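Chains A and B are the protein sequences, given in the same order. Residue 0 is where the first sequence starts when you use numbering that gives the first Met the number 0, and the numbers rise one by one after that. Residue 0 is where the second sequence starts when you use numbering that gives the first Met the number 0, and the numbers rise one by one after that.
Be aware that a few hints might be false.
Said to hold, decoys possible - Selected chain B positions facing chain A (Cβ under 8 Å, derived; list incomplete):
| hint | residue |
| --- | --- |
| 1 | 36 |
| 2 | 41 |
| 3 | 45 |
| 4 | 73 |
| 5 | 83 |
None of these hints come from the bench; they were simulated from the model. These figures come from a predicted structure and were not determined experimentally. Even glycine gets a Cβ: it sits at the ideal position worked out from N, Cα and C.
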Amino acid sequence: MNMLVCVSRTPETTAPVKFSADMSEYDGSGVNFIMNPYDEWYALVRALEVKESQGGKVTLFHVGGAESDAVIRKGLAIGADDAVRVDAAPSSSMFVAKQIAEYCKANAIDILFFGKETIDFNGAEVGAMAAEMLDMPYISFAIDMQLDGNNATITREIEGGKEVGEVQTPFALSAAKGLAEQRIANMRGIMMSKRKPINVIPAADAADKATVVKYAYPDAGGDVVYIEPDNMDELVRRLAEEAKVL
Amino acid sequence: MTNHQDHNTEIVKSTKTDRFQGHDYYNVDDLLTTEHLLVRDSVREWVKQEVSPIIEQYAERAMYPRHLVKGLAEIGAFGPSLPEKYGCGGLDEISYGLIMQELERGDSGIRSAASVQGSLVMYPIYKYGTEEMRMKYLPKLASGEFIGCFGLTEPDHGSNPGGMITNIVDDGDCYILNGAKMWITNSPIADVAVVWAKDEEGKVRGMVVEAGTPGFSAPEIHGKWSLRASITGELVFEDVRVPKENVFPDIKGLRGPLSCLSKARYGIAWGVIGAAMDCYDSALRYSLEREQFGKPIAGFQLTQKKLAEMITEITKAQLLAWRLGTLANEGKATPAQISMAKRNNVHMALEIAREARQIHGGMGITQEYSIMRHMMNLETVLTYEGTHDIHLLITGHDVTGLQAFK
């Protein structure tokens, strides 16, 4: 089973969100970057479990500069066999999806793993785009995957419930919480990761179809006003006159 | 039982999130490699998941969270800088230090368990044991299948180990071991003990004694107000027959045990930075959230003095540890340099725990915060592995050439 796990580099969850002075770019200076948790905790670990139960190979795939190698090394330390890094800035979802698709066309992949979204822009686009370019079935928000030979039974989260479907390899899925349990890299894994290759390849041509014009901060939240439960008239008055929602 | 936690109830993981964040005022991280950061962050994550949610309850009940041994082994905390051939990590000394830092950020008792196993049991077996001994014991100690302990200190010989009375007498294919050791971390649950005893010539020799050997017992020491989540005991030897192949062949004199202590002290110099950072991190957050006289107490000069001095001292300790680690990687860290770092950093951490306790006010004495536990733990750390005063005399000896121990 050849598995490709697509991983993103993202600011850690507690990092403050800053932009350049003209609000055109995200400012990552002084920010600690991590592997996107959905990619690491669920997608990568489920791929490793498949490898452990029925053999195969787990390759990490990443689009980004050399600054991403620390994040990739973590994936190798957790257990991936090797990694491919497309040496280019991940300028848009379309650009990244195109890189993945081009790689998969040249290398037979049985299961293509994504996290359900990346916690910076929360776009949840790349997986679907890449699967479309490859004409591959795409199962998003997977919370369980059972594999029997080339047949997979996948449970995915849907609004208000779950959906269970069957699919044959090759396919792509995006991993949600529940698909696997987070693993922590151990010292032997960290040592072994030094001996695993990160293959750096040039980017395939791909035109960005979207460009970011500017970013804006959300409005600051207002003050909280406590109103006693026996003073509903005051609540109604405020909703009507101040919030103007009634 | 009204106000007290019922000690008979099952311990369940607290759902409170461990909000700890590391502090790096001087960008010391820039001096570390990708590997170092991976090591540190992995252990930090493990501590947040496995240690923080249970440690207060185990400490309160004075119980050793033995189930953590497996996790400590899996993450690679036992002998991380020994060769991979023996099931160990093959990491460098800075990585080892960072592991100790993160474990002690959780609890000094957990760090002690790893220190003893790695530096005081596995290291001497690796350094002084035969290849047969290494292959027999190291993989089992690395995997946590075996727990080890280290017997040097005696009831009447603490700072003066050379006065030890535990001894061995040649008896053909065995030595007969007699004596007693005191303050031995992990002894009641240990599968193997590395024991130091005088031979018939009065030379200190080291040996591995297996649990279950007739005449060997390890009663537990109760009633500690410090390192309560760590198990401590004695080692008692009454005509214990130790096979000659279990005795380290070539090392004679105090140099053997002292070299192990240097390893452990090195780990402590790093470890206590973790405890200090945990106290500072908690105090900083608490002082920003806690309001008095209409503003956060962090806005008052006396609180800022405490916080500013804490981060200054932590930063100095980090640089001392990093430099010591770099020297250790080059094989150049002297025992006296290690003494200076152990003494300085433990005292630094204890002072920070005390100041942090004040910032937390009354909350600082409760289990809601880790402060009081760290403070009580650090009182032990100030004394074990060479007391605060003895380390001062080591530095004094080193700079003057004059010994002032006796």
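Evaluation of the provided hints:
1. 36: holds (7 Å)
2. 41: holds (5 Å)
3. 45: For residue 45(B), the interface hint holds, since the closest Cβ of chain A sits about 5 Å away, which is under 8 Å.
4. 73: Holds. Min distance 6 Å.
5. 83: holds (7 Å)
Checked against the numbered hints listed earlier, the structure breaks none of them; every hint is satisfied.
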